[in-house]
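All chains should be modelled from the sequences, with the hints used to inform the complete structure.
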Amino acid sequence: MIRITQKMAPAEVLEALRQANGYYITNTARDMSQSDYKNRILLHTDLMAAEAREEAGYFSLEITGGASIHVDILRKQVDPFLKLKLLREQMPDTMFQTLCRGVNLFGYRPYPQNVIRLTVREFAKYVDVWRTFDFMNHVPNMEAVFEEVAKAGKINEPCICFSTGPEHTDAFYVKKVQEILDVTGPEIILCIKNHGGLGTPKRIGELVDAIKQAYPELIIHYHGHNTDGNDIGRIQAAVLNGATIVDASDHSFTGFYGPPPILTVIQTLKDYGKTAIGINEEAVIRSSDVIRDQRQYYSQFEAQIKGFMPTVQIHKLPGGAMGSSLEQASKGGFLDKMPDILHKELPRVQKELGNWWSVTPGSQILWTTAVTNVLEGERYANPSGDLKNLLLGKYGPFPFYQPADWIYEKAFGPDWKTVLDRDGGLEVIDDIDIDKERETLAGKLDKEPTDQQLVTYLQHPNDAVEFFKFEEKFGRSYVLPPAIFLRQGGFQLGESLVFRDHDGKEHLIEIGPSQEDEDGRTNVYLNVDHSQRTYIIEPEVQKGAACQETLSKGEIEKLAKIGDIRAPFGGNVYDISVEIGQEVKKGDQVAILEAMKMQTPVISEVTGTVAEITAEVGLAVKPGDKIMLIEPSADE
Amino acid sequence: MNHKPQLQGVQLKTKILVANRGEIAIRIIRAIQELNYEAVAIYESPDKDSRHIRIADEAVWIGDGPRSDYLNIDKVIDAAIHSGAVAIHPGYGFLAENPDFARACEEAGLIFIGPPSDVIAKLGNKVMAREIMAKAGIPMVPGTDNLKPGDDGLAEAIAFGRKYGYPIMLKATSGGGGRGIRRIENESELAEQYTIARSEALAAFNDDSVYLEKVVVKPKHVEVQIIADKTGETIHLGTRDCSIQRRNQKLIEIAPAFQLSPELNEEICRTAIQAAKAANYFNAGTVEFLLDDDGSFYFMEINTRLQVEHTVTEMITGIDIVRTQIKLAMGKNLLFGQEHVQLRGHAIEMRINAEDPQNNFMPEGGKTITVYHSPGGYGVRLDGFCYQGFTIPEAYDSLLVKLTVFGWSWNETVDRLKRCLHNFVITGPKTTIPFYLNLINHPDFRKGRFDTSFLDENEQLFEYDEQTSEVNKLARLIAEIHQKKQNTYAA
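Chains Z and L are the protein sequences, given in the same order. The first sequence begins at 7 in this note's numbering and counts up one residue at a time. The second sequence begins at 32 in this note's numbering and counts up one residue at a time.
Fair warning: there could be bad hints in the mix.
As the list claims (entries may be wrong) - FRET-style restraints, in silico, Cβ to Cβ: (1) Z:Lys131 - L:Ile86: 58 to 64 Å; (2) Z:Ala448 - L:Tyr123: 41 to 47 Å; (3) Z:Glu501 - L:Ile86: 35 to 41 Å; (4) Z:Glu546 - L:Asn67: 47 to 53 Å; (5) L:Lys79 - Z:Arg506: 55 to 61 Å; (6) Z:Asp457 - L:Asn454: 35 to 41 Å; (7) Z:Glu501 - L:Asn67: 45 to 51 Å; (8) L:Asn67 - Z:Arg506: 53 to 59 Å; (9) Z:Ala448 - L:Gln491: 24 to 30 Å; (10) Z:Gly587 - L:Asn454: 50 to 56 Å; (11) Z:Glu472 - L:Asn67: 56 to 62 Å; (12) Z:Gly587 - L:Lys79: 36 to 42 Å.
As the list claims (entries may be wrong) - Simulated crosslink set (DSBU-like; lysine-lysine; CA at most 35 Å straight-line): (13) Z:Lys450 - L:Lys398; (14) Z:Lys450 - L:Lys516; (15) Z:Lys91 - L:Lys516.
Simulated from the structure, these hints should not be mistaken for laboratory data. All values reported here derive from a predicted model rather than from experimental measurement. Virtual Cβ for every residue (Gly too), placed ideally from N, Cα, C.
Shown next as structure tokens:
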């Protein structure tokens, strides 16, 4: 029984796992951050915990992947590669693990094959264990990642996504495992990905047992969520039935929708004679103690609804989407409708659309559809672009059954069969010209980008460029503790802020008075390392053409009929598909809006010429905000 | 016993108009106000936020410019007359060395603070100036008179080149300030450049006369500050070394020119006074020489105005040159003689420009100064005009502030200079500060071993990191988090 370290070859690791008399633990710090803190746990906190986590002796630390890469650049302003590099310096022995969404990588829709391969190659320089899944459990969607991980000499951990219901039988999952093994061969770890924390301990025990019976040599890693408060029970059943690795995290930060506490897992299984291999319990406790004090600064990111949610067994929302869904409900002012959405509409939509797995990006499609169904009063009246793609089978075949004809008719009109015949089938994304992308990025940065910058850019182009500009302007801000970086309400006059910069140099900043001038600019006086500095903060400039009063849906539609295109719902402008002076036909796509991670095309209701474009890519819009004006042709 | 002045109705103060902008306008306004006169500023529209307007007692808008109104003799004279000014100080640049302007002042009954227009006129004409100096026995770089037109001139030039050897300078008679000069390395180049130089001179200065001068290879640029009153009493305030230049434009000036023997120093100063007297010079001026490494020196020109670098001389003599200029112009005579002028210590002036040295000193006009923090303390003098929040007008030169430091020894002075450059915090535009820091860390600078070729021969001076310090960037973020009550980049 040995501790597994990053310095071992993949074959040695798998051998150690097969020989294990006991079980290993993955610290899923990333999933805890995503599920309980909207992905906002800062690198600063992870670095504080690094030394103790390294000593704790985990199988791996899941510290990247999922939505975290996007949030790293969008909200945490940290380079996802620099993060891994710095953690690796502090944690030379612990394997790093990622969660990869297969063809969707770390985003929400499929990427070209050459982008997938380049991305995996770059991240594999830091990431040792690759947990890969597809929300339709469609194995071909994961193949490119499998291949690149193997080529990089890292460990593949393919997932079977787990859910409940009459279709979700042991036989189905055992067959799915075979499909994976047919592609990867036996040298893998298999993950049972229970992203919702669904099923009872008994159900998980049976499933692990069934897979173990069919493939006795297969190493099983059970991943769960504690949404119903009972993941310890499922972990216990998984280990007792043959799972070798389980997921949990530091107890000082555990919440309601992410992983359960590591220490509770250890204590529970010890009583069953199961030992956590490689684990230093004292260091497990210390990891929690060293960061406990930091939790207060993240409370602003904890879910709007607190408490365990055993009703997850009904609505099946994955733990990783709980925080963001509840935030949308809170910001959208429909928290009161949550019982209807979660307990009635969501399970209904789920069954209607095929009872597949509610996990990214499928969980967003289900959620958005259920929310619009409830809020608009008419079901499937306004299908998102992603729902249409799903119905067309662009993300993969329906595993159990196809949705009913009437849903297709709602989405595509009476000719839906023709549309399905013409456009249906798995979406093939053409390779992009990566050298050209590199040039584009070089133009935006005014210098040659690094390979890592290019990869970050290829994931989320607009947000990556914004991040690079942030870094240029504000430096490497990961050095700031959450008490500074996430401070709400400003600092106290005279407050002293102490931190070390990227080069390890200590700095002291004291807060002085602020003064507004007649142009609305504020002079903020700071004492930086004992020298007085003034920083001028320009007043916020309102971008775009925000609509003063809220327009009704009918008013927005009426305006659209005369070419005055308004945002039909709140979201971000993802793409402007036309240019000023361009001629468009009725039915042409003129822009794409993105809301709740779902993209929806904006269609012109008139034939004419684009006269004015008010919105710009990346702009946040409310319903009724101006997008563009189309001058209808005279013969209209 | 104190004697309180009697109230005699409204006493109008004497007003002096400052026909300039930027730091030099402020420098002059300060002297005017210290003399208990009132200062009238003029400005063009792009300068409406300029500080010289606020500091002056009165400011007159003279037009939208840019530059054309500061250069418009009629408008400036009008502004003086309408504001009731009795005198005009031209500063440097713009109309300062324009004899027509000095003459216009004289004709309008205004006191021009500088030499008389005829002195400006004859010294401004290179050929005429050379004639005067040659007659007075002032050493000259071998050169020609205005070349004859056409092929005769070329023949004359070729003969000169064969006699004195190459390189030689082909100069436009009406050029100046580094313009209209080209260096010729050999005879075939001379033939080629001769015609081009003439046509370019015609286009640029409306005068196609050109002449030749021998090139003194790697000379030092040494100049002498002189002051003369109306009685002809002429004194010098010592030497300055302005060798560190880029494209014939001075960047750093040092007083006194050091590492000259006392005898040579004395000889140069004596010659300068002789030159000034030969020109019947009045008021403050500068006699410029080229110094060869064998100790021979040659007259270059007399600048008939206040120099940018006058501050270093003020630092080592304790004499306020601008105050003296005004007093002399207002009819006073020198109250001190040469024997009262004591030179002590060393002074260095650096021009902090909003320019990117790494990009061929490209001006950074149009940018806003977001942080401005300047050094202070013993031996430090600042002559500037910008402030935090100030947007640098694109229309004018890029000088933000002159940093002048004084020290008793050369080493002390360089150490102080280094400290001051480090203490400067200017963000927004790029500045010459990081380049200067690189420069003064060069061992040859420290040893005083530099001549006019210093920048050309030290390309590595342009290699430095143009980065705001990391802590400054983070402090900016902290300021935003503080002001906006949250981190909008993390929301």
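Verification of the supplied hints:
no., hint, result
1, Z:Lys131 - L:Ile86: 58 to 64 Å, "60 Å, holds"
2, Z:Ala448 - L:Tyr123: 41 to 47 Å, "44 Å, holds"
3, Z:Glu501 - L:Ile86: 35 to 41 Å, "37 Å, holds"
4, Z:Glu546 - L:Asn67: 47 to 53 Å, "49 Å, holds"
5, L:Lys79 - Z:Arg506: 55 to 61 Å, "45 Å, violated"
6, Z:Asp457 - L:Asn454: 35 to 41 Å, "40 Å, holds"
7, Z:Glu501 - L:Asn67: 45 to 51 Å, "48 Å, holds"
8, L:Asn67 - Z:Arg506: 53 to 59 Å, "56 Å, holds"
9, Z:Ala448 - L:Gln491: 24 to 30 Å, "27 Å, holds"
10, Z:Gly587 - L:Asn454: 50 to 56 Å, "54 Å, holds"
11, Z:Glu472 - L:Asn67: 56 to 62 Å, "58 Å, holds"
12, Z:Gly587 - L:Lys79: 36 to 42 Å, "39 Å, holds"
13, Z:Lys450 - L:Lys398, "20 Å, holds"
14, Z:Lys450 - L:Lys516, "30 Å, holds"
15, Z:Lys91 - L:Lys516, "32 Å, holds"
Against the hints set out earlier in the document, a violation occurs for number 5 only.
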